[in-house]
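Peer 1: Chains as they are written, first to last, in the numbering used here: chain L, 1 to 303; chain X, 1001 to 1349; chain Z, 2001 to 2340; chain C, 3001 to 3546; chain E, 4001 to 4335.
Rather than coming from a laboratory, the hints here were simulated on the basis of the structure.
A portion of the hints provided could be inaccurate.
Said to hold, decoys possible - Taking lysine-lysine pairs in the DSS-like style, the calculated list, with each CA pair at most 25 Å apart, reads:
1. L:Lys-190 <-> X:Lys-1016
2. C:Lys-3296 <-> C:Lys-3496
3. L:Lys-53 <-> C:Lys-3496
4. L:Lys-204 <-> X:Lys-1177
Said to hold, decoys possible - Cβ-Cβ distance ranges computed for the label pairs, FRET-style:
5. E:Thr-4003 <-> Z:Glu-2088: 49 to 59 Å
6. L:Arg-120 <-> X:Gly-1081: 51 to 61 Å
7. X:Arg-1134 <-> E:Pro-4014: 49 to 59 Å
8. Z:Gln-2159 <-> E:Thr-4003: 25 to 35 Å
9. X:Glu-1269 <-> Z:Gln-2207: 31 to 41 Å
Owing to the predicted nature of the structure, the values given are computational and were not obtained by experimental measurement.
Think of the CB as a built atom: it goes at the ideal place given N, C-alpha and C, for glycine as much as any other residue.
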Amino acid sequence: MTDASAAQPKPSSQLRDVWSQFRTHKGALFGLITLGFLIVAVLIGPYLWIPEKLSVAEAIKLKNQGPSLRFPLGTDQLGRDMLARMLLAGRVSLAVGLVAMVIAIVFGTFIGILAGYFRRLDGPLMRLTDMFLALPLIPLLLVMVMLFRDRIAGIIGPELGAFTLIVFAIGITSWMATARIVRGEVLTLKEREYVLAARSIGAKPNRIILRHILPNVVSPVMVAATLGVAEAIITESVLSFLGLGFPPDFPTWGRLLFDGLQYMQVYPERVVWPGLAISLTVLSVNYIGDGLRDALDPRIRGR
Amino acid sequence: MLDAGAPPLVQVEDLKMHFPIYTGIFRKHTGDVKAVDGVSFDITAGQTLGLVGESGCGKSTVGRAMLRLYEPTAGRVIIDGDDVAKLAPEALRRKRPTMQMVFQDPQASLNPRMTLADIVSEPLDEHTDWTRDRKLERVYELMDQVGLNRRFVNRFPHEFSGGQRQRIGIARALALKPRFIVCDEPIAALDVSIQAQVVNLLEDLQEKLGLTYLFISHDLSMVRHLAQRVAVMYLGRIAELSPSRDLYARPLHPYAEALLSAVNEPDPELAARRNRIILKGDVPSPANPPKGCNFCTRCPKVMDICRNVKPSLAEVEPGRLVACHLYTPAAGSTGGSEANERNQQGETR
Amino acid sequence: MAEPAASVLEVRDLKTVFRTRGGEIHAVNDVSFHLRKGELLGVVGESGSGKSVTMMSLLRLLPMPPAEVRGGQAFLNGRDLISMSDEELRSVRGAKVGFVFQDPMTSLNPVFTLGNQIMEPLIKHMKMSKAQAEARAVELLELVGIPDARRRLYQYPHQFSGGMRQRVMIAIALACDPDVLIADEPTTALDVTIQAQILELVRELRQKLGMAIIWITHDLGVIAGIADRVMVMYGGQIVEQAPVRELFANPQHPYTRALLQTIPRISGPRDARLKVIEGQPPILSGPLTACPFRARCEFRHDTCDQLNPARRPIDGLPLGKGHDVACHWHAPASAEVAHA
Amino acid sequence: AERGTDGEVKLTFPQAVSIMNPYLSGGTKDILAAAMVVEPLAVVDPDGVLVPRLAVEIPTMENGGVSADMMSITWKLQPGLLWSDGTPVTADDAVFTWQYCTHPEGGCSQATKYEGVASVEAVDASTIKVNFAAPKPNPYTAFVSGLSPILQKKQFEACLGAAAPTCTDANNMPIGTGPFMVTGFTVNDTVSMTANPNYRDPAKPAFATAVIKGGGDAEGSARAVMETGEFDYAWNTQIPPDSQAAMAAAGKGQFVVAFGTLVERLEMNTTDPSPSLPEGERSTAKHPHPILSDIKVRTALSKAIDRTILVEVGYGEGGRPTCNVIPGPEAWASDNQGCIAQDMEGAKALLDEAGWTDSDGDGIRDKDGKKLSILYQSTVNPIRQDFQALIKDWWTELGVEVELKAIDPGVFFGGDPGSPDTFQKFYADVEMYANNSDNPDPETYLGQYQCKNAPTPETQWQGENINRFCDPAYDALHAELTQTTDLAKRQEIAKKLNDMVTKDSMIVVPLVHRGTLSAHSNTLGGVQINAWDMETWNVADWFRVK
Amino acid sequence: MLTFTLRRLLLAIPTLLVISLVIFLLVDLAPGSPMSEIPLTVPPDVRQKMIEALGADQPVFVRYFLWLRQFFWVEPAALIDSWFGTTWAEGEQRILSWQSRSPVFTIIGQRLPQTMTVIGTAYLVGILIAVPIGIYSAYRQYSVFDQAGTLFAMIGFSVPTFFSGTLFIIIFAVWLGWFPTKYDTQLVVNDWESFVKQIKQMALPVMTLGLANAAAISRYMRSSMLDNMGMDYVRTARAKGMSERTVVLKHVLRNSLIPVVTVIALGIPAIFGGAIITENLFGVNGIGAALIGAIHANDIPMVQTLAFIFAVLIVLFNLIADILYGLLDPRIRYD
Ligand SMILES: Nc1ncnc2c1ncn2[C@@H]1O[C@H](COP(=O)(O)OP(=O)(O)OP(=O)(O)O)[C@@H](O)[C@H]1O
Ligand SMILES: Nc1ncnc2c1ncn2[C@@H]1O[C@H](COP(=O)(O)OP(=O)(O)OP(=O)(O)O)[C@@H](O)[C@H]1O
Ligand SMILES: [Mg+2]
Ligand SMILES: [Mg+2]
């Protein structure tokens, strides 16, 4: 009975459990592979796919080409290789989408948990959430960028500065839904018996929150995360459109989509590529979320 | 109760737990749910006090308020020398290892996302600075004590049967070597054979470790089996507090009597011969209890005085405390003889 | 009980499995039993032994998938429920068979008034008008002992106490005067006084309406109090079946014996220690080829590992009429016919 | 033809009309619409020639309308003119209009039109005399062109000064003398008009009603005319050349271009915008620009640009390469063509000559340890971003490091002294935008580059001399221009001034002479596009092609 | 319930005041000037005059209090005047748009009908599509239909309206020629013909917005239905012999609607904001288009007023959602 070796709980075993369950979820696997592919593509793609160095005059002659061997995704109105631009754009868009989503999720979850768990904070925090919900997004972003752009650019350089600012601005304006959902969940979760049980053994609030409450809000947070990525990518393009985003020669998927819009009728592929990339990202995040939710739930895992 | 010389480990004095009701535009405090309304008892070290009563009468609330899982409205709860009701948060946290709780619902009180090892070692994480190995060693030790196979360490709660789950809850409660455990209906949700396993385990542990229990249950036969003394609660107050042998032989309070008569014996012969008192009507709301005796709305032996004056818990026989006007001199004769008469309100079968 | 009347329900070789990711779970294994008119059949057994699944299989109330009824017949007044179309079955559910579920707290729809929920089957099956249905609903609530029924009709489940909800569930099950009432652990969550009220009610109803009742419970005390006949389930099988007094007086299956010994008594001497059944319940991951109880059985012998015992009368009466049991301990292995 | 026989004419503008009173308006869209309703004394035709509207003829020195000392001009109203409400038009209306626009609290946006006007008097009911404070070589500003129409005194009497913005009804539905009158006005959405029953030519307008629908974008407006045929006329349909071609191929309509003086240009900063300088000294004459002060660098940057490609990419039919800030009218434009051909080698040679060489081999030229690095800003606009990308490519080829920046036009042109991103503050090395002269005579326009007009912290960063160009010779020559009356002489001076800021100094680097691209359907006749006045100047003559 | 509503309404007042101040400051601080559209040839002193004429040169707090007074006193008074012919607001300065010099509320009044018809219809259409899809997806979880629904929803999420709108224009207006691309706000519906015209011109914006809305709502509907499909009371309903129709469309749906209704109610103010692009694209000239126009022109009073109205709507609909919650689910009590 005391088979110690078999009984030794490996610290990693739980993670491995999650992973092995995750692997059986077809959608999640599809999502992970697709997202992984996209990330790898934008990370190393630009080193592998180096477009020919063309002079401006040569390039202009090749503008608005359809897909070909030479230009797998065609060229844009200035004869630039769309594949190369898509890859470069993906770096920013994926980074912005994922990082801003993470900020929104982390912040939203944090606020939601505080509001839900500590009665006294509930009122003020929820009014704050109301306020953020009610604030007009565009002027808010304008003011934020105006106030901080130069300061941040001065510290970490214009591109990284723009990135930080955009990611932060988007994150800080999109946490409200998460906070509301999480708060609602926490309100019921904190009445659960096992939370009371944790208190009865003298656990501190931070442990109760981390170990007993947080894992149970994963599922709604995952939904919010999925929506968050799409929103962040699109918001970034709107920001660029208002001149608040990245330097104008810095492609992002949102901007490519926006730019391509003028050409949609004549060269539909100009919008298809960025649109496809954004949709794929969102779809894969959605499926990963589904899979993760299932995998994190030992009740489902057992089946 | 037998060795009256042993000092009580737990003393509860006039414990009150009122849940406030707020109404109106400005959230005015307009009333209270008097879940527990002045309860006093004590428990001798190494013994078990049974706590029985109707659903919703405040049994769990007593247990939880005693361990400061709720902030009691009034009263003193002295456990091992400290007044738990008044401890500062940090002191309370450090006091927790001496007093633990086994929860009513084994499924609900275990975090479904934690493994057995995590659950049982959580109190150790919180109160000790042991190494991982040392904690694991203790977890194994506890699992042996409660009879869980060591191979189960990495299992999740849903992978256990009800009885096993309850054992996890007990192991968790034992982890810090407490002196006092509140067992809140630890067997209600289990099937018969598993109930027996759990009860035996509790008994074994009491014997080995000298534990003190408050055993909350509505299974009266189990209480009889386990407890030396039994408190019968009704609507937030104690109706009768007697040694278990006396209570089961001859309940004094009319409610205790009705309760005992309702128990089903697993014996068809006996069942056919039994007289049971079926109470009529519903339990009054604890937010708005009757003016006099709490039980007066349903009592088969109700008298006029019951509707106006709250009876207090008084010792009517050696070791037996009852809160009933039948036994107070003011209400006329000592109720002993009347206790056997059936009033028209109760049905006799 | 007087001389047994004809069976209203006759179940033969019912077999239900769950297909899950971890493999199949054979929850009900060739269960056969019958129920006479006006009879109260008690069902006891370990948690997970298939009591609820058996009953729900009859009315196709299990989630399918994962559940699957693999075979068997169940004749209700001569018509086979298992092979019925969904449409036909719907006319049986609620009308001919009433069902009270294990958990009264969640079995009522929280967003509709009780009146609405009670009247639903009346309007559907009895083709009553709204006014008629309402009158009948009031009648039903009064029948199950809920005072002030007319006002209560317009209240929501959360405004009722647990015991009252349980009674409402019973009222719904009784709405169309069913031939059979299946009550699945209706009193587990209640304390003894409320439990007593419900038992009283059931007793009255049975006398008044003459319906047959199947009563599933863990509480042997309850069984002793109200049942005519008792079925003991273990590992998805019926292991013993007998009239109630006979069973308590003369339990034959080792599991039944052990079960009866574990319960503390309220009267009589206080036992020093409760008996327990050692070991774990079987994992029903395949068809039974050996006795499911063998691992925990004190009378275990070789045959138990090789053959799953069939049920066999021990009092000479035909199967199901008197006392029968599925155990090798009472019969030499040679006389056994193995289950397919 | 007969009035009102051609049904409805439908116009669409990408920006919706927000007010029908040109004196309170912020944008061309409003004035375009207003020009269909209220009229000036004279308008400018597509050739830049003045033609009379409400006046009988154009006053000149020859016919005695302009006094010899250039101190006054006298206009004669056509006889029998009626407002659309049937009341007669009198000289008093003109006098009132002048008062209205020059009232100090009125916030009149066309106040420049009345600059230098000392008084306006009604000599008699039909004679208007405009007196100037000083001799005015170009007296055709007040009451000329759609920017300066005559308002009805009766309607606006109560709206003088501070009350001007509160007269919502009058501002939205002014009574006019034009071919149409307003019947319905939804702010920033739709203007509905019907033919003016009192219009002086009984045969006009051919259309009974007119509608201007606003909103959307250039793309959508163009599409509504060129592809779906929902509208007859779309103003300002600046879309990519490829799309222009595709839309034209649908065969429903055609694009028309009006070339005025609008020039897309690069402005070179002559002062140092470095952020390391203390606030208040950044981009001021205190610190000359470390790189761009050298004319060789400026010239090299200009030489590296292929303007033909820019036009092809950005404007197609709607633009042409130019080297001048005054590209028209013909008679005023310098013949400077030197910059049209790209000369990359020449540019490189110039930089080498100026001492900027790539000494560390990183592809970027440097001098004295300082990199040849340029911040190049413009507004958010797809074409400008394409230009930025192309020019960056060329400059990079030259060995110049370029950082791009795009700013919201509202901020860039907003003139908010608190914002670092206005074009006047010029916290960048090079910036790109378009500007034009609102008058065929460029005197005022050229006056912008005088030393005194440089934006500085002291002037709250106001001023039109964006690049802080300062050349006493230029100022002197411009002063001469203001004194010269002889047209030929004026034109000659203007060309010289143009050359001084462009090819001689390369302070302003013109890129593209832009036209306004509009579209009209093939069934709309009589459209005569006009760069010198409102495009709707001859809307009375529009008709339906049958 | 009433007291709860009142309490929440009372609480909303300080919240809204704070929000109004923040909005006012934000919009005011944002860079840009109402003069940016004036041609560059206009000299600075004229510009300065124009700014003064707008009152834009006064200190922020003066304008804030003026605006508060106008918003909460003058404008309601003006509204009452226009209804009953009283003269309460006589001589008072109403909030004027800088761009058009018309009272902001007049403009809003002109635009409300379009917003209501087009955006309202779109939202309704979105709900009408989403709810059945969500229900059926949940009822047949993991069926082909469900998978297709997931895909549809994800695409609906990730494709911005400026993209789908343009696509619809090209397909339905340019290629097929079925619908107009510009919304005629002046159209008066008084006969069959004009009604058809109205339907046609609403088709494209409604499709665009409906798609976006339907995507999100169908997801919520599905997950909520799934949550309830396995509940015990569903089994009870089946055991009573109810038809599948009754089971799904009565018992499950009513319970599932609670979160969906919240999402829908909370989405209504967001729809005003979210419709900016669509309105602009199709020339619907509703409130959203007014907002973007005002932002581009730096028409500060207009932006402030609209933003504040949105804020009021958000707070209001949050409250309505909470109340609906209570109506739909009798267990939820607010006192
Ligand atoms: N947090 C709370 N707020 C308000 N009322 C409460 C709260 N917790 C319990 N109550 C009320 O207090 C009373 C006593 O509840 P308690 O849980 O102690 O009953 P119990 O005797 O344990 O019943 P059971 O046998 O059903 O477990 C009940 O009426 C209950 O509704
Ligand atoms: N949905 C399901 N999926 C898989 N297995 C199931 C499912 N429902 C029930 N089972 C299995 O079927 C078996 C019989 O379950 P059933 O509910 O009939 O037990 P029971 O006798 O009613 O027990 P209890 O007394 O605890 O109610 C159990 O082993 C259970 O694990
Ligand atoms: Mg309890
Ligand atoms: Mg069961």
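Peer 1: With reference to the structure, classify each hint as holding or not holding.
Peer 2: Checked hints:
For a cut-off of 25 Å, the pair hint linking Lys-190 (chain L) to Lys-1016 (chain X) stands: about 23 Å separates their Cα positions. In summary, the hint linking Lys-3296 (chain C) to Lys-3496 (chain C) is supported, as the alpha carbons are separated by about 21 Å, within the 25 Å threshold. Distance restraint check for Lys-53 (chain L) and Lys-3496 (chain C): the Cα-Cα separation of roughly 42 Å exceeds the 25 Å cut-off, and the hinted pair is therefore not satisfied. For the proposed pair Lys-204 (chain L) and Lys-1177 (chain X), the alpha carbon gap of about 19 Å is at most 25 Å, so the pair holds.
Judged by the Cβ atoms, the range 49 to 59 Å given for Thr-4003 (chain E) and Glu-2088 (chain Z) holds: they are separated by roughly 52 Å. The hinted range of 51 to 61 Å is not satisfied by Arg-120 (chain L) and Gly-1081 (chain X), whose Cβ atoms lie roughly 33 Å apart. Here the CB-CB span from Arg-1134 (chain X) to Pro-4014 (chain E) is close to 55 Å, well matched to the stated 49 to 59 Å. One distance hint, 25 to 35 Å for the beta-carbon pair Gln-2159 (chain Z) and Thr-4003 (chain E), is violated here, with the actual separation near 19 Å.
Between Glu-1269 (chain X) and Gln-2207 (chain Z) the Cβ separation comes to about 21 Å, which falls outside the hinted range of 31 to 41 Å.
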